[in-house]
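Chemist: Here are the chains, one letter per residue:
2 protein chains.
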Amino acid sequence: MAQISLSRRLRRTPFSDGVEAAGVKGYTVYNRMLLPTVFESVEADYRHLKSHVQVWDVSCERQVELRGPDAARLMQMLTPRDLRGMLPGQCFYVPIVDETGGMLNDPVAVKLSEDRWWISIADSDLLLWVKGIANGYRLDVLVDEPDVSPLAIQGPKADDLLARVFGDRVRDVRFFKFDKFEFEGRELAIARSGYSKQGGFEIYVEGSDIGMPLWNALFAAGEDLHVRAGCPNLIERIEGGLLSYGNDMTDDNTPHECGLGKFCNTHTAIGCIGRDALLRVAKEGPVQQIRPISIDGDAVPPCDRPWSVVAGGKRIGQITSTAWSPDFNTNVSIGMVKLSHWEPGTRIEVETPDGMRGATVRDKFWI
Amino acid sequence: MAQISLSRRLRRTPFSDGVEAAGVKGYTVYNRMLLPTVFESVEADYRHLKSHVQVWDVSCERQVELRGPDAARLMQMLTPRDLRGMLPGQCFYVPIVDETGGMLNDPVAVKLSEDRWWISIADSDLLLWVKGIANGYRLDVLVDEPDVSPLAIQGPKADDLLARVFGDRVRDVRFFKFDKFEFEGRELAIARSGYSKQGGFEIYVEGSDIGMPLWNALFAAGEDLHVRAGCPNLIERIEGGLLSYGNDMTDDNTPHECGLGKFCNTHTAIGCIGRDALLRVAKEGPVQQIRPISIDGDAVPPCDRPWSVVAGGKRIGQITSTAWSPDFNTNVSIGMVKLSHWEPGTRIEVETPDGMRGATVRDKFWI
Numbered sequence: 001m002a003q004i005s006l007s008r009r010l011r012r013t014p015f016s017d018g019v020e021a022a023g024v025k026g027y028t029v030y031n032r033m034l035l036p037t038v039f040e041s042v043e044a045d046y047r048h049l050k051s052h053v054q055v056w057d058v059s060c061e062r063q064v065e066l067r068g069p070d071a072a073r074l075m076q077m078l079t080p081r082d083l084r085g086m087l088p089g090q091c092f093y094v095p096i097v098d099e100t101g102g103m104l105n106d107p108v109a110v111k112l113s114e115d116r117w118w119i120s121i122a123d124s125d126l127l128l129w130v131k132g133i134a135n136g137y138r139l140d141v142l143v144d145e146p147d148v149s150p151l152a153i154q155g156p157k158a159d160d161l162l163a164r165v166f167g168d169r170v171r172d173v174r175f176f177k178f179d180k181f182e183f184e185g186r187e188l189a190i191a192r193s194g195y196s197k198q199g200g201f202e203i204y205v206e207g208s209d210i211g212m213p214l215w216n217a218l219f220a221a222g223e224d225l226h227v228r229a230g231c232p233n234l235i236e237r238i239e240g241g242l243l244s245y246g247n248d249m250t251d252d253n254t255p256h257e258c259g260l261g262k263f264c265n266t267h268t269a270i271g272c273i274g275r276d277a278l279l280r281v282a283k284e285g286p287v288q289q290i291r292p293i294s295i296d297g298d299a300v301p302p303c304d305r306p307w308s309v310v311a312g313g314k315r316i317g318q319i320t321s322t323a324w325s326p327d328f329n330t331n332v333s334i335g336m337v338k339l340s341h342w343e344p345g346t347r348i349e350v351e352t353p354d355g356m357r358g359a360t361v362r363d364k365f366w367i
Numbered sequence: 001m002a003q004i005s006l007s008r009r010l011r012r013t014p015f016s017d018g019v020e021a022a023g024v025k026g027y028t029v030y031n032r033m034l035l036p037t038v039f040e041s042v043e044a045d046y047r048h049l050k051s052h053v054q055v056w057d058v059s060c061e062r063q064v065e066l067r068g069p070d071a072a073r074l075m076q077m078l079t080p081r082d083l084r085g086m087l088p089g090q091c092f093y094v095p096i097v098d099e100t101g102g103m104l105n106d107p108v109a110v111k112l113s114e115d116r117w118w119i120s121i122a123d124s125d126l127l128l129w130v131k132g133i134a135n136g137y138r139l140d141v142l143v144d145e146p147d148v149s150p151l152a153i154q155g156p157k158a159d160d161l162l163a164r165v166f167g168d169r170v171r172d173v174r175f176f177k178f179d180k181f182e183f184e185g186r187e188l189a190i191a192r193s194g195y196s197k198q199g200g201f202e203i204y205v206e207g208s209d210i211g212m213p214l215w216n217a218l219f220a221a222g223e224d225l226h227v228r229a230g231c232p233n234l235i236e237r238i239e240g241g242l243l244s245y246g247n248d249m250t251d252d253n254t255p256h257e258c259g260l261g262k263f264c265n266t267h268t269a270i271g272c273i274g275r276d277a278l279l280r281v282a283k284e285g286p287v288q289q290i291r292p293i294s295i296d297g298d299a300v301p302p303c304d305r306p307w308s309v310v311a312g313g314k315r316i317g318q319i320t321s322t323a324w325s326p327d328f329n330t331n332v333s334i335g336m337v338k339l340s341h342w343e344p345g346t347r348i349e350v351e352t353p354d355g356m357r358g359a360t361v362r363d364k365f366w367i
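Which chain is which? The protein sequence lines are Y and A, in order. Position 267 of the first sequence, counted from 1, bears residue number 267 in my numbering, the numbering being contiguous throughout. Position 232 of the second sequence, counted from 1, bears residue number 232 in my numbering, the numbering being contiguous throughout.
To be clear, the hints were calculated from the coordinates, so they are not data collected in a lab. Quick caveat, the model's predicted, so the values are computed rather than measured. Be aware that a few hints might be false.
Footprint (simulated), chain Y over chain A, 3 or more residues, beta carbon under 8 angstroms [as the list claims (entries may be wrong)]:
1. 15-26
2. 172-184
3. 291-304
Residues on chain Y that point at chain A, a partial pick, calculated with CB under 10 angstroms [said to hold, decoys possible]:
4. R32
5. E99
6. D125
7. A134
8. Y137
9. V165
10. L225
11. H226
12. R228
13. L242
14. S244
15. V287
Chain A residues, not near chain Y, derived (Cβ > 10 angstroms throughout) [unchecked claim]:
16. D98
17. E99
18. R138
19. T268
Yeah, the Cβ is synthetic: ideal placement off N, Cα and C, and Gly gets one too.
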């Protein structure tokens with residue numbers, strides 16, 4: 001295994017001091033920022049996440065802020081999801097597409113008010129696309145990256161931990177809604193959301209200076225809850241069917257190929273830049289789509305590139321994420337499979353670095 | 001030191017198999033792609049680079065291709081450098097700025113023909129900005145990322161090595177010009193350029209399938225030249241004053257702050273999106289600027305975040321890149337310093353993780 005070479009270009013976060021003190025062992029880079037990947041071990045982190053509560057430095061979910069009279073119009077230009085019914089205080093998962101309908105990002109849009117939005121982005125410089133569109137269409141809107149760094153609190157004891165720091169009212173925040181809470185005199189948006197299926201919150205920490213004070217307050221409050229530093233867990237997120245932009249899909253893919261058709265209202269999303277390109281696929285459906293796949297046998301090696309999926313000697317798809325699941329005793333995997341082979345129960349073969357393995361297309365993720 | 005966690009999202013390159021076989025020890029991530037940072041050691045790699053010849057996988061210099069009737073117009077919209085005199089076969093270093101004059105990237109533009117350009121980018125998804133602008137202004141141009149991966153041949157024996165593989169004509173390629181050469185029936189653009197001051201070339205490898213065949217041909221031809229796998233070297237690039245986007249400057253900085261005013265023709269670059277914003281700074285000059293700085297004493301620790309530069313108890317700048325130079329026996333550094341303290345010879349202080357160090361602003365880099 002190779003080491004990561006640190007430099008200013010791989011941006012630190014307001015919580016990096018805490019992450020290092022907690023003994024981070026591995027990093028990835030996400031939006032040109034450090035994202036921890038492992039503390040004790042991926043499997044030990046997984047077990048702990050499912051049992052207790054973890055604090056995740058997900059500052060790399062940078063925000064693109066839209067402010068001004070044209071903010072809502074611009075937001076709708078970016079996505080085929082119809083945003084007309086969205087209220088301030090809501091979070092929407094929004095596929096972002098270019099003029100060809102290709103996915104540029106799969107962020108969560110946070111509506112702060114009619115004329116102020118945050119887009120909490122996956123791994124691509126979406127800021128540049130949004131700024132280019134705003135400039136080219138001469139929209140009356142300011143677009144920038146504010147000093148906001150999300151901190152996720154995930155795991156079955158997340159409610160208990162946050163209630164100790166922010167009060168019991170935090171328990172009332174509903175899924176994909178947010179409310180404002182005070183910390184050291186600052187108002188912070190806290191949403192019930194996060195990149196795991198274990199429940200929890202994301203705190204939009206506005207102002208780097210309160211990063212470590214908040215980090216420390218959470219650890220001080222949660223000692224008996226076994227709170228630990230954690231991070232998005234490869235095994236748990238595959239079990240839960242949480243897609244990863246750049247891994248499971250790229251700008252080659254439409255939202256429909258990614259199984260995100262339910263987040264598209266292509267007919268009514270008037271103004272969306274990719275609308276025309278998506279109308280046909282929205283009506284007729286895609287020819288390939290993301291599927292949960294179970295790979296036979298014992299643990300496969302780490303998947304650092306697409307593995308071909310074949311059937312009858314022909315390439316009919318690829319695996320893009322996989323991990324051995326201790327809870328489900330199989331290699332839980334995410335792949336893109338052609339229409340001819342995507343029915344649940346279909347037997348396929350996967351070209352792993354260790355050789356061919358049998359595999360089965362499943363009807364649902366491991367949830 | 002933490003390890004890097006590999007996944008498809010951190011893209012491999014056509015040369016990754018060769019890089020691994022050569023024993024890469026460290027990586028960074030650049031344009032969401034793997035970029036090697038060290039093979040033997042940063043200091044041993046440095047010594048070898050200055051003595052022999054190295055093959056560098058710089059695939060992460062992704063290309064943004066502009067094709068079509070509006071390609072030249074779009075290219076000029078992106079940069080304050082006047083491109084009217086640029087001929088096919090030339091490479092221009094071009095600051096790319098947004099509407100505020102902030103640097104979005106500092107790539108090399110490659111003019112293939114009047115209606116076809118490559119932009120060989122530094123670390124930001126410039127593709128998204130260019131696509132957004134092309135879309136918003138409804139330009140008649142195709143913008144995408146082609147299957148082109150630069151391979152750099154750097155070091156004093158670079159001419160000898162390339163002549164063995166491509167013929168003696170390659171010796172005639174002049175600095176920042178390119179010509180076409182054949183390899184296995186494919187025409188490849190080869191430019192005299194690269195991210196070192198030791199001389200050499202960049203081969204624009206078009207078609208991933210010929211990546212490893214070319215890699216292997218270079219190593220087979222250069223055994224007696226002591227050819228080795230290498231990578232941009234931290235020490236050598238600081239000595240040579242080669243800036244790193246994301247390290248030494250960000251979108252907060254104008255080209256003039258980066259000392260790139262000589263690449264700006266702000267008055268005549270009609271159509272450049274950032275022109276209006278830059279007119280004043282072009283005339284009056286910036287209030288802070290990048291400077292070579294020598295930090296006193298023995299080797300400082302690695303610089304993974306900006307270090308404050310102070311004088312008279314006030315913050316007057318920051319160090320963003322530094323390394324111990326065996327050849328110059330000092331900590332060669334790049335920093336941004338305020339006008340009041342940027343004169344050569346000015347004594348300043350640097351807040352390193354090991355404590356305050358004296359330092360001197362220099363008149364030029366170590367070349």
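Chemist: A separate judgement is required for each hint: does it hold in the structure or not?
Modeler: Going down the list of hints, with the structure as the test:
1. 15-26: holds (count 3)
2. 172-184: This one is violated; 0 residues, fewer than the three required, reach chain Y with a Cβ under 8 angstroms.
3. 291-304: holds (count 3)
4. R32: Y:R32 check passes; min Cβ-Cβ to chain A is 6 angstroms, inside 10 angstroms.
5. E99: For Y:E99, the interface hint holds, since the closest Cβ of chain A sits about 6 angstroms away, which is under 10 angstroms.
6. D125: holds (4 angstroms)
7. A134: With Cβ-Cβ at 8 angstroms, under 10 angstroms, it holds.
8. Y137: At 5 angstroms from the nearest chain A Cβ, Y:Y137 passes the 10 angstroms test, so the hint holds.
9. V165: Given a least distance of 28 angstroms, the restraint on Y:V165 is violated.
10. L225: Status violated, d = 26 angstroms.
11. H226: violated (24 angstroms)
12. R228: violated (17 angstroms)
13. L242: Interface hint status for Y:L242: violated (14 angstroms vs cutoff 10 angstroms).
14. S244: holds (7 angstroms)
15. V287: violated (21 angstroms)
16. D98: violated (6 angstroms)
17. E99: violated (6 angstroms)
18. R138: violated (8 angstroms)
19. T268: holds (22 angstroms)
In terms of the numbered hints stated before, the structure departs from hints 2, 9, 10, 11, 12, 13, 15, 16, 17 and 18, listed from lowest to highest.
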